[in-house]
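Let the sequences and hints guide you as you build the complete structure.
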Amino acid sequence: MSAPAKKKKGARSKFLFRRRKFCKFCDEKVDWVDYRDARLLMSYIPERAKIQPRRTSGTCSTHQRQVQEAIKRARNIALLPFSVE
Amino acid sequence: MRQYETIFVADPEVPDEGVTAMTTAFAAAVAEHQGEVLKTEDWGRRRLAYEVRKRREGHYVLVEYTCGDAGLPHELERRLRMNEQVIKFLTVRIDNDPKRIEWEARRAEREKEQAARRAAGAAVDDAGPVRPDSDDDGGGDWA
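First to last, the sequence lines map onto chains S and H. When we follow our numbering, the leftmost residue of the first sequence carries the number 1, and every step to the right adds one. When we follow our numbering, the leftmost residue of the second sequence carries the number 1, and every step to the right adds one.
Please keep in mind that the hints were generated in silico from the structure rather than gathered at the bench. These numbers come from a predicted model, not from an experiment. Beta carbons: idealized from backbone N, C-alpha and C, even for Gly. Wrong hints could be hidden among the right ones.
Unchecked claim - Residues of chain H placed beyond 12 Å of chain S at every Cβ, according to the derived structure: (1) 16; (2) 23; (3) 38; (4) 75; (5) 79; (6) 81; (7) 82; (8) 113.
Claimed, not checked - A short, non-exhaustive set of chain H residues, derived as facing chain S with CB atoms under 8 Å: (9) 7; (10) 48; (11) 49; (12) 50; (13) 52; (14) 58; (15) 99; (16) 102; (17) 103.
Claimed, not checked - Each computed EDC-like pair below joins lysine to aspartate or glutamate, with the alpha-carbon atoms no more than 20 Å apart: (18) 88/H with 42/H; (19) 29/S with 102/H; (20) 50/S with 51/H; (21) 88/H with 16/H; (22) 54/H with 84/H; (23) 99/H with 28/S; (24) 50/S with 37/S; (25) 99/H with 64/H; (26) 39/H with 17/H; (27) 29/S with 97/H; (28) 39/H with 64/H; (29) 72/S with 47/S; (30) 99/H with 27/S; (31) 88/H with 51/H; (32) 29/S with 104/H; (33) 88/H with 11/H; (34) 39/H with 102/H; (35) 99/H with 5/H; (36) 88/H with 37/S; (37) 99/H with 31/S; (38) 39/H with 104/H; (39) 99/H with 37/S; (40) 54/H with 85/S.
Written as structure tokens, this is what we have:
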């Protein structure tokens with residue numbers, strides 16, 4: 001899963017190469033996301049404090065769900081903002 | 001036996017002793033209903049991510065407890081709601097997620113290890129588990 005992406009052959013591939021996204025939680029073998037850990041969750045709510053989509057963060061579905069739940073809980077007790085003006 | 005954890009946020013104007021008293025009262029209420037307090041954590045004053053009742057700060061306290069009578073969490077929430085000094089609270093059931101239990105166990109182990117290392121006099125460079133009770137207020141720079 002963490003193997004580098006195999007790109008199609010051709011000159012262009014050199015320029016288009018991007019590091020493959022990976023799930024940070026899978027990598028660190030985290031199986032539960034702590035909703036009380038505001039510092040960790042902060043990295044999943046950039047700028048406007050919206051929850052970062054999987055396609056940008058690379059988080060796998062299992063962990064994305066956990067992150068999502070954790071963020072929502074944290075918002076509830078004012079550890080994280082709902083929005084930023 | 002079900003287990004719950006409740007985090008409540010006290011008004012920053014309440015002195016620390018007041019918060020301790022609130023925590024004690026909370027524990028008493030738990031005991032009154034045949035519950036048992038497993039853990040209390042005082043996170044201290046932290047910046048709130050957004051304004052709550054015109055306050056920008058709050059004193060966070062976390063309490064873990066087992067549920068005695070069935071209506072206990074309900075009763076506790078009722079009391080918190082009535083208490084003017086509490087500006088926010090959240091109750092979460094914690095015994096039904098095996099992943100969390102495992103995670104807690106591992107964290108406890110890690111902390112024990114760290115404490116042992118610290119006791120041995122070795123400098124602990126390892127950042128360890130990042131918890132909100134660390135010196136960082138965790139609130140970030142939200143406007």
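Against the structure, the hints:
1. 16: 19 Å, holds
2. 23: 16 Å, holds
3. 38: 16 Å, holds
4. 75: Holds: least Cβ distance 20 Å, greater than 12 Å.
5. 79: 17 Å, holds
6. 81: Holds, since 14 Å exceeds 12 Å.
7. 82: Nearest chain S Cβ is 18 Å from residue 82/H, so the label holds.
8. 113: For residue 113/H, whose nearest Cβ neighbour in chain S is about 17 Å away, the distance exceeds 12 Å, so it holds.
9. 7: 5 Å, holds
10. 48: 4 Å, holds
11. 49: Since the shortest Cβ distance to chain S is 4 Å, the answer is holds.
12. 50: 5 Å, holds
13. 52: Nearest chain S Cβ about 6 Å off; hint holds.
14. 58: At about 7 Å, which falls below the 8 Å cut-off, the nearest Cβ of chain S leaves the hint on residue 58/H intact, so it holds.
15. 99: 4 Å, holds
16. 102: 7 Å, holds
17. 103: Constraint on residue 103/H satisfied, holds at 4 Å.
18. 88/H with 42/H: Holds, at about 15 Å.
19. 29/S with 102/H: 12 Å, holds
20. 50/S with 51/H: 18 Å, holds
21. 88/H with 16/H: This hinted pair holds, its Cα atoms lying about 17 Å apart.
22. 54/H with 84/H: 13 Å, holds
23. 99/H with 28/S: 15 Å, holds
24. 50/S with 37/S: The hint holds at about 17 Å.
25. 99/H with 64/H: Answer holds: residue 99/H to residue 64/H is near 17 Å, not above 20 Å.
26. 39/H with 17/H: 19 Å, holds
27. 29/S with 97/H: 17 Å, holds
28. 39/H with 64/H: Roughly 5 Å separates the two Cα atoms, so the pair holds.
29. 72/S with 47/S: 16 Å, holds
30. 99/H with 27/S: It holds: about 17 Å lies between the C-alpha atoms, which stays within 20 Å.
31. 88/H with 51/H: Between residue 88/H and residue 51/H the Cα gap is close to 11 Å, so the pair holds against 20 Å.
32. 29/S with 104/H: 14 Å, holds
33. 88/H with 11/H: This hinted pair holds, its Cα atoms lying about 9 Å apart.
34. 39/H with 102/H: 17 Å, holds
35. 99/H with 5/H: 16 Å, holds
36. 88/H with 37/S: Holds - the C-alpha atoms of residue 37/S and residue 88/H are around 17 Å apart, at most 20 Å.
37. 99/H with 31/S: Holds: residue 99/H and residue 31/S sit about 6 Å apart, inside 20 Å.
38. 39/H with 104/H: 12 Å, holds
39. 99/H with 37/S: Status holds; Cα separation ~16 Å.
40. 54/H with 85/S: 17 Å, holds
Every hint from the earlier list agrees with this structure, and none is contradicted.
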